[in-house]
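Novice: If you want the building blocks of each chain, they are given just below.
Protein chains: 2
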Amino acid sequence: MKRFGYTIGVREDKLDEYRQLHAEVWPAVNAAMTACNLRNFTIFLRRFPDGKHYLFMYYEYAGDDYAADMRRLAADRDIQEWWKLTDPCQEPLTDRDPSEWWATMSEVCHND
Amino acid sequence: MKRFGYTIGVREDKLDEYRQLHAEVWPAVNAAMTACNLRNFTIFLRRFPDGKHYLFMYYEYAGDDYAADMRRLAADRDIQEWWKLTDPCQEPLTDRDPSEWWATMSEVCHND
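Protein chains in written order, with the working numbering: chain A, 107 to 218; chain B, 107 to 218.
Bound-form chain A, shown alone:
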């Protein structure tokens, strides 16, 4: 099972909205993630020393073609509607890879 960690900023004026959205994630959004082989998906939040809030996203991938599953996820209608609400709440890291929205974090160590 491959693990992924990503981070992104949250706009301060959208922080409450982001929290409220995620207090009741649409069942169709969770179902689409599961169908695309994402497992054990969690988002964490913390205020950082620069005074801004950042999210950390952790999940595991249970499939065998990550790129294809991510394309399938991005093509899902419910996911697209969900991202129309969540994207404006987020402030991506400017030095992220051009292909990314959330910025990849590198794995330092792991113990099962």
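Among the clues, some could well be false.
Just so you know, same-sequence chains aren't split out, so a pair can sit in one copy or run between any two.
List of simulated lysine to any residue pairs, SDA-like, C-alpha gap at most 25 Å [what the hints assert, rightly or not]:
| no. | residue 1 | residue 2 |
| --- | --- | --- |
| 1 | 158 | 174 |
| 2 | 120 | 168 |
| 3 | 120 | 152 |
| 4 | 190 | 130 |
| 5 | 120 | 180 |
| 6 | 120 | 192 |
| 7 | 108 | 171 |
| 8 | 108 | 145 |
| 9 | 120 | 154 |
| 10 | 108 | 218 |
| 11 | 190 | 217 |
| 12 | 108 | 154 |
| 13 | 190 | 118 |
| 14 | 158 | 175 |
| 15 | 158 | 172 |
| 16 | 120 | 216 |
| 17 | 108 | 153 |
| 18 | 108 | 201 |
| 19 | 190 | 129 |
| 20 | 120 | 217 |
| 21 | 120 | 207 |
| 22 | 108 | 163 |
| 23 | 158 | 143 |
| 24 | 108 | 156 |
| 25 | 158 | 110 |
| 26 | 120 | 213 |
To be clear, the hints were calculated from the coordinates, so they are not data collected in a lab.
Take the given structure of chain A and dock chain B to it, following the hints.
Specialist: For chain B alone, kept in the frame of chain A given last:
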């Protein structure tokens, strides 16, 4: 299974040392974490917009007395020796809870 997310800074002059230490975590350190019921333990690293590097730590807890297991972990001789090496590499968030070294992140959402 309860999930935990924590964050902490890394001193820029200690970044290489921190990476090197974690490229070969002592088996006794991993064994102590497992004995104290920590599972699926991963640390991620990323440079943030303030120019500093931060770590994100994710793990799950499989026991039934987290506080007691954390005290047991902190009393382990190998863990104590390990922390003597890793603590000086880290720069804790100043607004963390006084009982913490790594700062707790709050969970925003989860999907199994």
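Novice: If the cutoff is 25 Å on CA atoms, where do residue 120 and residue 216 land: within, between, both or neither? Let me know, please.
Specialist: This pair counts as between: shortest inter-copy Cα distance 20 Å, intra-copy 33 Å.
Novice: Which holds for residue 120 with residue 154 at a C-alpha limit of 25 Å: within a copy, between copies, both or neither?
Specialist: both (16 Å within a copy, 20 Å between copies)
Novice: At most 25 Å between C-alpha atoms: does residue 120 with residue 168 qualify within a copy, between copies, both, or neither?
Specialist: neither (32 Å within a copy, 35 Å between copies)
Novice: How would you classify residue 108 and residue 156 at a CA-CA limit of 25 Å: within, between, both, or neither?
Specialist: Answer is neither: 31 Å inside a copy and 29 Å across each miss the 25 Å cutoff.
Novice: How would you classify residue 108 and residue 145 at a CA-CA limit of 25 Å: within, between, both, or neither?
Specialist: both (10 Å within a copy, 15 Å between copies)
Novice: When no copy is named, should residue 120 and residue 217 be tagged within, between, both, or neither for a Cα gap of at most 25 Å?
Specialist: between (35 Å within a copy, 22 Å between copies)
Novice: Please work out whether the CA atoms of residue 120 and residue 213 approach to 25 Å or closer within one copy, between two copies, in both situations, or in neither?
Specialist: between (29 Å within a copy, 17 Å between copies)
Novice: Given a CA cutoff of 25 Å, do residue 108 and residue 163 count as a within-copy pair, a between-copy pair, both, or neither?
Specialist: both (14 Å within a copy, 16 Å between copies)
Novice: Check residue 108 against residue 154 for me: Cα-Cα at most 25 Å, and say if that holds within a copy, between copies, both or neither.
Specialist: Cα proximity of residue 108 and residue 154: across copies only (24 Å, versus 27 Å in one copy).
Novice: Using 25 Å as the alpha-carbon threshold, which applies to residue 120 and residue 207: within, between, both, or neither?
Specialist: within (17 Å within a copy, 29 Å between copies)
Novice: Classify it for me, residue 120 with residue 192: is the Cα-Cα distance of at most 25 Å met within a copy, between copies, both or neither?
Specialist: within (9 Å within a copy, 36 Å between copies)
Novice: I want to check one pair: residue 108 and residue 171. Are their C-alpha atoms no more than 25 Å apart within a copy, between two copies, both, or neither?
Specialist: within (11 Å within a copy, 29 Å between copies)
In the structure shown, a violation is registered for the earlier hints numbered 1, 2, 14, 15, 23, 24, in ascending order.
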